[in-house]
Amino acid sequence: MECWIPASVKADRTEGTFDMAPSGAGVRAPLPNPPGDDLGGVPNANTIFSLFGKKPPPAERSFSSAPRSNGLSTPPVDKQLAAQLAAQFDSPASVTDETDRRSVDLSVLNMLRSLHDDGDSFVNGLVSTYLTDTVTRLTALRHALNTRDAKEVAQAAHAIKGSSANLGVVRMADLGGALQGAGEQGDFGDAALLFAEMEEEFSHAQASLAEAATRRYSAA
Amino acid sequence: MILIIEDDLVTCHIITALLKRMRFSYCEAHTGAEALEHLRTRPIDLVIADMMLPDMNGLELLEMKHSMPHLADIPVLCCTSKADIETVEAAMGFGAIDFVKKPIVVQTFTSRINRAMERAPTRWESWREMSKRLPFYSRTIQPMLVIAQQMLRELDEALAATENVSPNVAELNALVMRVRGAVFNVGALRTVHQLDRLWTETADKQAIEYLRAALVIELAAFDEAIAARATSEPMQAAG
Chain A
5 MECWIPASVK ADRTEGTFDM APSGAGVRAP LPNPPGDDLG GVPNANTIFS LFGKKPPPAE
65 RSFSSAPRSN GLSTPPVDKQ LAAQLAAQFD SPASVTDETD RRSVDLSVLN MLRSLHDDGD
125 SFVNGLVSTY LTDTVTRLTA LRHALNTRDA KEVAQAAHAI KGSSANLGVV RMADLGGALQ
185 GAGEQGDFGD AALLFAEMEE EFSHAQASLA EAATRRYSAA
Chain B
35 MILIIEDDLV TCHIITALLK RMRFSYCEAH TGAEALEHLR TRPIDLVIAD MMLPDMNGLE
95 LLEMKHSMPH LADIPVLCCT SKADIETVEA AMGFGAIDFV KKPIVVQTFT SRINRAMERA
155 PTRWESWREM SKRLPFYSRT IQPMLVIAQQ MLRELDEALA ATENVSPNVA ELNALVMRVR
215 GAVFNVGALR TVHQLDRLWT ETADKQAIEY LRAALVIELA AFDEAIAARA TSEPMQAAG
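Here the protein sequences line up with chains A and B, keeping their order.
Each number in my numbering corresponds to the 1-based position in the first sequence with 4 added.
Each number in my numbering corresponds to the 1-based position in the second sequence with 34 added.
Hints should not be assumed to be uniformly reliable.
Unchecked claim - Listed below are the simulated BS3-like cross-link pairs for lysine-lysine, each with C-alpha atoms no more than 27 Å apart in a straight line:
1. A:K155 with B:K116
2. B:K135 with A:K83
3. B:K135 with B:K54
4. B:K116 with B:K135
5. A:K83 with B:K54
6. A:K155 with B:K54
It is worth saying that the hints were derived from the structure and are not from the lab.
Pulled out of the complex, with its shape left as it was, chain B reads as follows (with noise of 0.2 Å):
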């Protein structure tokens, strides 16, 4: 999913439009604020941002994610009609990868939009990938989804109890391995990356202040996943 973040209603549109073309999924903010709501609860692949915004600056905004360990890998198409130098640096310190011109021209953003989502970080396994992997991939993803979220809502809720009592940290370590295998077996890539980058064996109180931040959005893509393969055509199962 694209946020798109710009808050001239023109501009909003015109992007929309050209995504919709695309065929990616998007949500839209008007404000730094609403960007930061998206970025903490969705699971947001790349991040298309005006560089002026009614409440902060696009560096702010920048600043703010990328000191958000389990959002600073998402990547930042940035888009305005005015940057210097120190303004590209700072946003490329912040995780910028790219700055597109305004006013848009349809042909440059299609193909600025399309190399940025390459850097994206992989979410899903692909469906071809699946089959091979599990004969049966088609008619069992749906529960296998349901389970591992789940076991990822059992996690969250063991993370949260630490918070009173002191962690059993053995306990934590095979929680966490019991739901990294779980959430692999069903292709959630992006979900595996958050866990082996985000956790440390320790149990420190960071390690689960940042993968329980990562599991809101995580169970957000979860809960997108089966509600999508339960309303799409069932696979043929492969082989």
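Okay, chain A solo, but in the shape it has when bound (with noise of 0.2 Å):
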């Protein structure tokens, strides 16, 4: 008996998980035959069990005969724990004092690196898309103060504060949480002073993103 799978897959190594890479040719991979049998056919689960001599597990259960309204129901809302969730959110963002000064908190970029085996190829295809995503947003940002999109201006400059802070460029993350509020109030002319106060701090967050760069290698 054969069948027809997929070549290119994977198997995880956490137990009972898969992983299916993208389709490729297959392979015709030969079945092993269950002790004593060809399996011809496509046997009930009794057929199944009595292939080892075992009896199949009792009806557990017989299946609701209740109509259903809208599927499940839903469990009450554990407001302690949702107030505890929400807590986290009250508090700023803590910086030190040396990272107050810098464009790039360097610790983040450092944590970043052990993430990975190659380390510094992963920030550096991190900051790459940092750049590249930063400059499209600029621009959409620019496009949305000129029409006097408040939306747009919230989303992008929330984009921009999202990604900002997971690299670790700290002074580009908070302008972009200022912006975000200043989009969210409709406030265009804090809003353009923000911009080119962000505009401004991106160039130093580029020239600091490839000073930690050329720093990492030379202390390799």
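Please assemble the complex out of the two chains, which come individually in their own frames, going by the hints.
Okay, structure coming up:
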């Protein structure tokens, strides 16, 4: 008995989970026959169990006869847990005095390096993606400010805030947060000032990120 | 498999690197629409969701997921930089089990993912348990998976046929029970669970619709399991 399977498939080492790579050419994989049977046709569960001399599991349940209205009931929300989870968003992110003066928090880049076997290439890839994305978002921000599209201002600023914070580009993240707030309030005067500051800061951030990469290489 | 819903590429790359290091399989979606497509067609065990997406906000996405009974119990870990108590409560009502604050801190995020995965539905019985239950497990699991998947397909065809002809309820119930036995036998615990909670003996239209939606995902899970078993080293037979 044979079956057709995709070739580019790998098993995840996590027990019981599987990862399928993008489909590629197939291979014909022979399947072993179970002892004493060639499994011709599709047997029912009893036949499968009989292959091993075991009884099938008892009918453990009978299906509900009641018609369903909306599928599943929703458990009540744990208000105490919700309050605890929401509380973490009250406190602003803490920055050290040193990172206050810098455009980039180097400890974040080092933490990111530790995520990957080839940490330098990984971080360089992240930086490259960040710089490309931010240029696009700054263009979108300028256009949104020109057209006085407050929602777009808030969205683009939010995106800059998020990617900057995850890469440790702290001042850009702060400016992104402030600009998002100005966009949400429709304060275009404030938004224009913050945008000018953000453009200037982005050039500093580019230089700092380049310097951080160089320093890392020379240290290595 | 973990579904990452994140429109920011930098954040997405960081999360995927973290999941790779933790040896979890994953897939990515950059919009709400992409996320829903993955949820409808792939065996997702946990969702890591940004709360602000280009085409919808996180709450809308969670509400849509929660409105589909076969997906409602998939846990969601929300990853966001800003959330108020109302958002958190609403998200928890739609299946969110935790909120992680951005920016991502590796240690915190790792422990929260591990904790969230404990809440994920168990998809397959462990290899160890399977080996205890089935002495010839290593040599026979592959054909048994193929047979069980074929039975799932037959069930899907039988359910599809009810669109044109009124269903023979007794036959459908018997078929569902046979399929349940077959998938139970190969340790497909999630498939058994879906059959148990979505099927009703009255074979009403809604149950058929829900079960067919779930079967799309379960068949995909079997595809992956069969393919993975075919390329992995044969296990030593227990006993």
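Against the structure, the hints:
1. Our distance criterion of 27 Å between C-alpha atoms is met by A:K155 and B:K116, whose separation comes to about 17 Å.
2. Of the pairs offered as hints, the one joining B:K135 and A:K83 holds, with about 19 Å between alpha carbons and a cut-off of 27 Å not exceeded.
3. Taking the CA atoms of B:K135 and B:K54, the gap is about 21 Å. The hint holds against a cut of 27 Å.
4. Under the criterion of a C-alpha separation no larger than 27 Å, the hint pairing B:K116 with B:K135 is consistent with the structure, at around 7 Å.
5. Annotation: proposed proximity of A:K83 to B:K54 is violated, straight-line Cα distance about 34 Å (limit 27 Å).
6. Note on A:K155 and B:K54: the hinted pairing is violated, with a Cα-Cα distance of about 35 Å set against a maximum of 27 Å.
Taken one by one, the earlier hints fail for this structure at numbers 5 and 6, listed in ascending order.
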